[in-house]
Structures are given as C-alpha cells and as structure tokens.
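*Asks:* Protein sequences appear in the order of chains A and B.
Under this note's numbering, the first residue of the first sequence is numbered 61, with each subsequent residue one higher.
Under this note's numbering, the first residue of the second sequence is numbered 61, with each subsequent residue one higher.
Since the hints were made in silico from the structure, they are not lab data.
Don't take each hint at face value.
For identical chains, the list gives no copy identity; a pair is met inside one copy or between any two copies.
[Stated by the list, open to error] With a cut-off of at most 20 Å between alpha-carbon atoms, the simulated SDA-like pairs for lysine to any residue come out as follows:
no., residue 1, residue 2
1, K308, I135
2, K149, H305
3, K308, E131
4, K308, G246
5, K123, S208
6, K154, G174
Protein chains: 2
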Amino acid sequence: MKFATILPFISAVSASCLHGTSLMPRAADGTVDINSFNYTGLGGPLNWYGLDKSANSACASGKHQSPINIETDNISYASASSVHFHVPKVDSAKFENLGSGLEVVLTNGTLLAGNTSYTLAQFHFHTPSEHRINEEHYPMEVHFVFESAASQIAVVGFVFELSQFGYSTPLFDSVFAHLDDIATPGTYTMTDALDFSGLTQHLNSHGIYQYTGSLTTPPCSENVAWFLSTEPIVVNVQSYNAVKHVLKFNARYTQNSLGQANLLEVAASNFN
Amino acid sequence: MKFATILPFISAVSASCLHGTSLMPRAADGTVDINSFNYTGLGGPLNWYGLDKSANSACASGKHQSPINIETDNISYASASSVHFHVPKVDSAKFENLGSGLEVVLTNGTLLAGNTSYTLAQFHFHTPSEHRINEEHYPMEVHFVFESAASQIAVVGFVFELSQFGYSTPLFDSVFAHLDDIATPGTYTMTDALDFSGLTQHLNSHGIYQYTGSLTTPPCSENVAWFLSTEPIVVNVQSYNAVKHVLKFNARYTQNSLGQANLLEVAASNFN
Chain A
61 MKFATILPFI SAVSASCLHG TSLMPRAADG TVDINSFNYT GLGGPLNWYG LDKSANSACA
121 SGKHQSPINI ETDNISYASA SSVHFHVPKV DSAKFENLGS GLEVVLTNGT LLAGNTSYTL
181 AQFHFHTPSE HRINEEHYPM EVHFVFESAA SQIAVVGFVF ELSQFGYSTP LFDSVFAHLD
241 DIATPGTYTM TDALDFSGLT QHLNSHGIYQ YTGSLTTPPC SENVAWFLST EPIVVNVQSY
301 NAVKHVLKFN ARYTQNSLGQ ANLLEVAASN FN
Chain B
61 MKFATILPFI SAVSASCLHG TSLMPRAADG TVDINSFNYT GLGGPLNWYG LDKSANSACA
121 SGKHQSPINI ETDNISYASA SSVHFHVPKV DSAKFENLGS GLEVVLTNGT LLAGNTSYTL
181 AQFHFHTPSE HRINEEHYPM EVHFVFESAA SQIAVVGFVF ELSQFGYSTP LFDSVFAHLD
241 DIATPGTYTM TDALDFSGLT QHLNSHGIYQ YTGSLTTPPC SENVAWFLST EPIVVNVQSY
301 NAVKHVLKFN ARYTQNSLGQ ANLLEVAASN FN
C-alpha cells in the first residue's frame with residue numbers, strides 16, 4: 061500500500077517531539093512543515109541554537125535537557141498506578157517518512173499522569189536510542205508524545221533491545237509492515253491494525269523512570285514530563301535493519317545531568 | 061579462562077586510538093594508564109578539550125576531525141592493490157576491558173599503504189559505530205590501529221551490520237568467546253585462536269574509503285590515515301548484545317566535514 065507523495069521533498073526534517081501538538085501544528089492541507097535541523101554538521105545538535113537563536117535558546121542554555129543518561133540508583137520512579145497510558149486499537153494509521161523521522165499520526169490516545177490528563181499527538185522513532193540507562197545505549201527508541209489542555213507536553217518512551225530469536229513486539233511489526241513503501245522522504249503509507257494492549261501491559265508490569273526534561277529536538281523546550289519503561293521492548297534484526305536504513309541516525313547526544321550546566325555552555329567557556 | 065585483575069580499577073578509560081603506540085605506550089608492568097575522558101557529561105566529547113587544554117586542543121579546534129559522515133559520492137577510494145593489510149594467525153591474544161573500551165593487544169601485524177609501512181598496535185571496538193555512511197550509522201565498529209616508524213598513525217576500520225541469520229564474522233566470534241569473563245573493567249582474558257584471513261579477504265574484495273582525519277579519542281591528533289571497508293562485516297545479536305552491555309556507549313559524535321570549522325568552535329561562536 062503506497063501513496064503518492066503529497067509532502068514536499070524534505071532533506072532535513074525530523075519528527076520533533078512537538079510535531080502535531082498545538083505548539084507545532086500539522087498543516088491543514090496534509091503537508092508537513094520543513095524543519096531546518098538534522099543530525100549532521102551545521103544542521104546538527106551542536107548547532108541547533110545557531111540555526112535559530114530566538115527559538116532554540118534552550119538547546120544551548122537549558123539545564124534540564126533531554127536525553128539523559130538514566131542512573132537507575134538516582135532516578136525517580138513513577139508508581140504504575142499513577143500513570144495511565146491508554147491508546148485504543150485502530151484498524152490503520154498514517155505512517156510518514158519525514159526524512160530523518162518516522163512518525164505515526166494517531167490522536168485518539170490518552171495519558172493520565174498524576175492529576176494531569178494528556179492527549180496523544182503522535183509517536184515516532186529514534187535510532188540509536190536517545191536515552192542511555194546506566195550508560196548503556198539501545199539500538200532504537202520510540203516516543204509517544206502527549207499534550208495537555210494547558211499545552212504541557214508528556215512523553216512515554218520505550219527503548220528497544222535486539223531479539224536473538226527473531227521476535228518483535230507485535231505492535232511494531234504492524235507499524236513497520238509497509239516500511240518498504242516509504243523509503244523515500246516525503247512519502248507515507250498506512251500501517252496494519254495497531255493493538256496497543258501488549259505495550260500497555262508491558263508498561264504497567266515494569267517500572268517507569270520519571271523525570272522532567274525537554275524535547276530532544278529544537279526548540280528543546282523544557283518542562284517536558286518524561287516516563288520511560290524500565291524494561292526494553294524487543295525488535296528483530298530484519299525490522300531494525302530496515303528502520304535504520306531509512307532513519308540513518310537521529311539521536312541527540314546525551315545531555316549533562318539534570319540541573320547541571322548545559323554542555324554547550326561548558327564547551328563555549330573552554331575557549332575563554 | 062579468567063585472569064585476576066592486575067589493572068587498577070578504572071571507571072572512565074577508553075581504548076584510545078593512540079593506545080599501545082609510541083605516543084601512548086603501555087606500562088611495562090602490564091598496568092594501564094587511566095584516562096580521564098569518557099562519553100558522558102563533563103568527561104564526554106563536548107568537554108574533552110576542557111579536560112586538558114594543552115593536550116587536547118585538536119578536539120576543539122581541529123578541522124580534520126574523525127569520525128565523519130562518509131558521503132560515498134565525495135569520498136576518496138583506495139585501490140585494493142595499494143593497501144596491504146596483513147595480520148598473521150595467532151593461537152590467542154590478550155583481550156582487555158578498559159572500562160569504556162574493549163581492546164585486543166596484538167602487535168605482529170603490518171599495513172603497507174602507499175609507500176608507508178605501519179606496524180599493528182592493537183584493535184578495539186566502538187558501539188554504536190563512529191563513522192556514518194551516507195548518514196546511516198551501524199551498531200558497531202572495529203579499529204585496527206597501526207603506527208609507522210616515524211610515528212604516523214593509520215587505522216583500518218570496519219563497521220558491523222547485524223546478521224538476520226545468527227552468523228558472525230568468525231574472527232570476532234573468537235575474540236568475543238570469553239567476553240563473559242571480562243564484564244568488570246580492569247580485567248582481561250585470552251581470546252581463542254584468531255585467524256585474520258577472512259577479514260583480509262573481505263577488505264581486499266570490496267572498496268576502501270580513504271581519508272586523512274584524526275584520532276576519535278583525546279588528544280584527537282590529526283594526520284591519521286583512515287581506511288574503511290565499504291562493506292559491513294556481520295555480527296549476530298547475541299555477540300552484539302553482550303558487547304554493548306559491556307561497552308555501554310563509546311562513540312564520539314560525528315564531526316563536521318573535512319576542512320570545515322570544528323563544531324565546538326561553531327557552538328562557542330553562537331554565544332558571542
């Protein structure tokens with residue numbers, strides 16, 4: 061199932077954590093705004109601030125930036141009973157290749173965390189993982205991006221581990237089923253039926269790391285509520301290789317510990 | 061086969077590209093000098109210059125830094141006949157866990173490239189890959205580090221792709237055979253017999269990307285001759301997961317294009 065390209069050709073777009081929220085709305089005509097950032101050279105994370113100093117100052121000066129290395133002895137844990145992740149089954153969803161981002165458009169999901177209720181905007185993939193856990197990285201990571209009525213952002217994330225036995229989390233088999241159809245940036249396809257019950261059960265039956273960080277893409281806005289499953293989900297080699305071949309590389313470097321100086325400010329001060 | 065720890069405990073050591081060369085000799089008593097750099101926060105690549113400004117200035121100011129994104133349409137290719145990689149079979153070799161580095165000590169290899177003859181110092185692993193090829197990253201990369209009589213450094217590198225069918229390049233099965241024995245930094249084990257003929261054949265039967273860059277670890281010295289096989293070698297999921305669990309993350313971020321401004325200088329200038 062392959063659809064004609066209706067998006068403009070985009071060489072440097074990433075599925076921003078803001079994408080599809082009120083802060084970065086989708087164009088009403090189905091086209092996608094082109095971002096100027098990417099993961100290479102002057103378009104990459106070390107220069108996101110330089111690309112737009114008024115919009116992206118948090119990327120270079122924020123002290124609660126994501127992704128981080130999660131130290132399991134020091135991080136907070138959310139109690140499973142305080143995080144309600146609910147995404148109803150759908151027959152199909154739009155799956156877009158945004159250049160350096162792969163994103164599923166799905167808005168009929170909710171997150172209730174603490175006393176705040178959020179609505180799903182989309183979910184998207186990074187390779188390699190953005191977060192590290194006790195320094196270890198993972199081959200892939202998925203981010204479910206939610207927004208509250210007051211425009212607060214929350215992200216529920218899962219890292220992927222490679223499966224030795226060819227098994228993938230079924231939900232993502234369905235997401236990636238027609239990946240071959242969207243090898244070209246600017247194209248989209250439709251997923252198979254998506255059933256989130258297994259993923260929800262996975263989230264509920266393991267711990268959840270919780271911290272307040274930022275978007276991992278420009279404008280790197282802070283006060284983002286992060287919820288990361290403590291247990292990786294699995295992906296098989298075939299899907300991993302296929303996704304990586306399309307995504308190439310779209311992980312921001314690990315940021316300094318929460319509350320510590322932004323690493324770009326440290327780097328700049330070294331030249332003084 | 062597990063040996064008692066004779067190395068001091070080291071939390072932040074990486075197998076530098078210089079390690080074991082005349083520029084960073086091994087201690088005669090078998091211990092390993094402790095490096096202060098790593099891949100996290102203030103010890104990480106954005107602050108390697110700040111760790112030692114006199115030694116590491118190339119990390120922040122060099123304009124021919126490695127790793128790079130290899131654009132296959134723009135990179136130079138070495139003719140297979142001009143690169144002679146020769147590492148004789150050995151019954152076993154020392155395999156060290158240096159904290160954030162895994163290194164095989166082997167000095168009886170040679171590289172003849174152009175008119176320069178180099179001697180092998182060691183080979184070591186990075187995960188994820190340091191180089192990207194047309195933006196795509198790879199799960200792992202191995203660097204064979206050579207030094208000439210005039211202390212010139214050359215590195216022969218291979219990226220790894222995950223195998224769907226459980227197959228690994230046999231040489232690395234033998235290297236990783238006793239990885240479980242060196243899960244703790246500061247320990248070492250002995251590899252099984254190492255036969256480099258398959259790897260040599262792989263190098264000789266595919267193209268070789270060639271460029272002049274730098275060490276990917278402090279002091280980031282330039283004028284390093286890089287030779288990278290155009291074709292990935294394979295690793296199975298079991299070995300990859302095991303290596304990743306020990307190495308965690310030890311890849312420097314991709315540097316700016318050769319000859320362009322160092323990204324840290326660009327980042328610093330954004331604050332002016």
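*Asks:* Does each hint fit the structure? Answer for all of them.
*Replies:* Here is what the structure says about each hint:
{"no.": "1", "hint": "K308 / I135", "verdict": "between (30 Å within a copy, 18 Å between copies)"}
{"no.": "2", "hint": "K149 / H305", "verdict": "neither (28 Å within a copy, 35 Å between copies)"}
{"no.": "3", "hint": "K308 / E131", "verdict": "between (27 Å within a copy, 13 Å between copies)"}
{"no.": "4", "hint": "K308 / G246", "verdict": "within (15 Å within a copy, 34 Å between copies)"}
{"no.": "5", "hint": "K123 / S208", "verdict": "neither (23 Å within a copy, 45 Å between copies)"}
{"no.": "6", "hint": "K154 / G174", "verdict": "neither (30 Å within a copy, 53 Å between copies)"}
In summary, the structure is inconsistent with hints 2, 5 and 6 from the numbered list given earlier, while agreeing with the others.
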